[in-house]
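2 protein chains.
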Amino acid sequence: MSLAEQVLNGNIRAAARLMRDIDDNRPQAVADLKLLYPRTGNAYILGITGPPGAGKSTLVDQLTASFRKKGNRVGVVAIDPTSPFTGGAILGDRIRMNRHATDEGVFIRSLATRGALGGLSRSTSDVALVMDALGMDIVIIETVGVGQDEVDIVKAAHTTCVVMVPGLGDDIQAIKAGILEIGDIFVVNKADREGADRTARELATMLEFRMAPEGLWNPHVLKTEAQRGTGIEELVGEILQHREYLFSSESINDFLRERNLRHFMDILRDSLFKKALAFMETDGTLERLLDGMANHSVDPYSAAEKVLSALTGER
Amino acid sequence: MSLAEQVLNGNIRAAARLMRDIDDNRPQAVADLKLLYPRTGNAYILGITGPPGAGKSTLVDQLTASFRKKGNRVGVVAIDPTSPFTGGAILGDRIRMNRHATDEGVFIRSLATRGALGGLSRSTSDVALVMDALGMDIVIIETVGVGQDEVDIVKAAHTTCVVMVPGLGDDIQAIKAGILEIGDIFVVNKADREGADRTARELATMLEFRMAPEGLWNPHVLKTEAQRGTGIEELVGEILQHREYLFSSESINDFLRERNLRHFMDILRDSLFKKALAFMETDGTLERLLDGMANHSVDPYSAAEKVLSALTGER
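Residue numbers (this note's numbering), protein chains in the order written: chain A, 1 to 315; chain B, 1 to 315.
Just so you know, these hints were derived from the structure itself, not from any lab.
Hints may contain errors.
Because identical chains cannot be distinguished in the list, a pair is counted as satisfied if it fits within a single copy or across any two copies.
Said to hold, decoys possible - Below are the DSBU-like pairs computed for lysine-lysine, each with C-alpha atoms no more than 35 Å apart in a straight line:
(1) Lys275 - Lys34
(2) Lys34 - Lys274
(3) Lys223 - Lys306
(4) Lys275 - Lys69
(5) Lys34 - Lys70
(6) Lys155 - Lys223
(7) Lys69 - Lys306
(8) Lys34 - Lys223
(9) Lys70 - Lys223
(10) Lys275 - Lys223
(11) Lys306 - Lys34
(12) Lys155 - Lys275
(13) Lys275 - Lys306
(14) Lys306 - Lys70
(15) Lys223 - Lys274
(16) Lys69 - Lys274
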């Protein structure tokens, strides 16, 4: 039985193996993903993003528990930040998820961002696809919103929650407009801290300035204390409301088309590059070009054009 | 006279225009870059990276002043972070550089990371190339080391300074090993703060564990107070020492080859993708594939393979 079939039968170890194959960039993984694809599209993808220290992992843990109580199977893809500066807190956070370790209905997978060969957003999409095929009802993607890659990732989510905390830096006003565009729901976590109401109010005010027209989704600001579990049910309620909105409106088709486009483009970019690399390595083209660049007789722009022409036969 | 020729004549406004053309992805920009390329390779690229709040901009400002005093012309490429979470401090920091605003020997350019079409590391390389052609002796690339892109950028620098501050998060031990690999020089800035000595000592201890063999470069840890200008001359001295090391050893050729390879690959990846996009758009292939993915009759992996085959004629 192929790995893909085993995954479709709900075999967790097969899913883990396939994810490893994806990581290792094995060609067989693509064959398996092709087999899985027609059987996917059932999982609801939830993106959780926010700055380091906002308590995202604890929130994900609580959301997982809540969805489990409702009988949902939950997959979690935690993106381990690339940055040498965001520290090693992630591993510690993951340990909190231990309470789900013996629960067959929860599947947790960390993805390291550093050195993700095929691009991080592609790997994340592929891993989420495997979780979907495995029968997870909800797939939570948790990411520190620090780089373009990480922001791209949450675009693949049906619903994106942006998690903030009171007293982060100077002023919520200083936070770039980008944050307002990516969130369907805003959460002020650690709401027992001083300044939580102010942070929530300021966020709400900023959101008012970009009110969507009647009938479209308008993000709200919720407060949670993930550590104590306060506000979690309200958050789950809001998530389900956004889901209902999404599926009752035309926007679900636009969303899916956009998501497919992005996933396809990631794969195409990746495979084009691999092909070019193989092409250049067979006949020593790459070494020749590098020698030329070293003595400045070849510039990298013309070199790229040459390879492109040769590869496509001027198509 | 072409824009390229004007840049080579030291025309700052022409350089600014070319950088804008690069940003806008104009084909003419590539033609100009090709003309510039053989006349570049003279600038020394200095990378400054570190977490938000480490005082990098102030340090860059002081380094700029110091290099100016030595008669060097200085270009600064400041990478404006992508993250919606790192806040709007950058703009404020840039204002400090105002003291150089009327100095023809200083050229400052900010690059926004969000939505950089051709990839951030490519844009940065291209902009640094223009500064090089313009006659800048030193090009300082300042980036918040938060994403893979940003880390890749400093790999293009001859010398990379990693800037830390005391009391950042819990413990220096928690900082990922990645940080040690990218730095040629480590700076503990805001050295008047409590814990500065401890941070410096811990960094030094971590570096000892990976001592390079005799004859190779071993990074040191320096302390600065950029606000007051303390430690700047020592830092410049260390940078010049690293430069001397680099050029006196074999490693300069490896470094340049590696850098050329990366720049070339960035360009190739970009142009391959543009070609594929144009190819798919001419005959409606893209729309057809997206329709297929929408009804799950086509998977994105097979779709990418089809486009690749068509584009290369199975080459």
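These are the hints, each one checked on the structure:
Both within a single protomer and between protomers do lysine 275 and lysine 34 lie at most 35 Å apart by alpha-carbon distance, with minima of 19 Å and 25 Å respectively. Both within a single protomer and between protomers do lysine 34 and lysine 274 lie at most 35 Å apart by alpha-carbon distance, with minima of 19 Å and 25 Å respectively. In this assembly of identical chains, the alpha carbons of lysine 223 and lysine 306 never lie at most 35 Å apart, being 56 Å within a copy and 48 Å across copies at closest. When the C-alpha separation of lysine 275 and lysine 69 is checked against a cutoff of 35 Å, the pair qualifies neither within a copy, at 47 Å, nor between copies, at 50 Å.
Taking the shortest alpha-carbon separations for lysine 34 and lysine 70, only the intra-copy value of 31 Å comes in at or below 35 Å, while the best inter-copy value is 61 Å. With identical chains, the CA atoms of lysine 155 and lysine 223 are at most 35 Å apart within one copy only, with a shortest distance of 23 Å there and 41 Å across copies. Taking the shortest Cα distances, lysine 69 and lysine 306 never come within 35 Å of each other, neither inside one copy (59 Å) nor across copies (44 Å). For the homomeric pair lysine 34 and lysine 223, neither the shortest alpha-carbon distance inside one copy (41 Å) nor that between copies (54 Å) is at most 35 Å.
In this assembly of identical chains, lysine 70 and lysine 223 lie within 35 Å of each other by CA distance solely inside one copy; the values are 22 Å within and 55 Å between copies. Taking the closest pair of Cα atoms, lysine 275 and lysine 223 never come within 35 Å of each other, the shortest separation being 49 Å inside a single copy and 47 Å across copies. For the identical chains of this complex, lysine 306 and lysine 34 are neighbours both inside a copy (33 Å) and across copies (13 Å), given an alpha-carbon limit of 35 Å. In this assembly of identical chains, lysine 155 and lysine 275 lie within 35 Å of each other by CA distance both inside one copy and across copies; the values are 28 Å within and 25 Å between.
In this homomeric assembly, lysine 275 and lysine 306 come within 35 Å of each other (Cα to Cα) both inside a single copy, at 15 Å, and across copies, at 13 Å. Taking CA atoms no more than 35 Å apart as the test, lysine 306 paired with lysine 70 passes in neither setting, with 58 Å inside one copy and 42 Å between copies. For the identical chains of this complex, lysine 223 and lysine 274 are neighbours neither inside a copy (46 Å) nor across copies (44 Å), given an alpha-carbon limit of 35 Å. In the homo-oligomer, the alpha carbons of lysine 69 and lysine 274 never lie at most 35 Å apart, since the shortest distance is 45 Å inside one protomer and 47 Å across protomers.
Hint compliance for this structure: hints 3, 4, 7, 8, 10, 14, 15, 16 are broken, all remaining hints hold.
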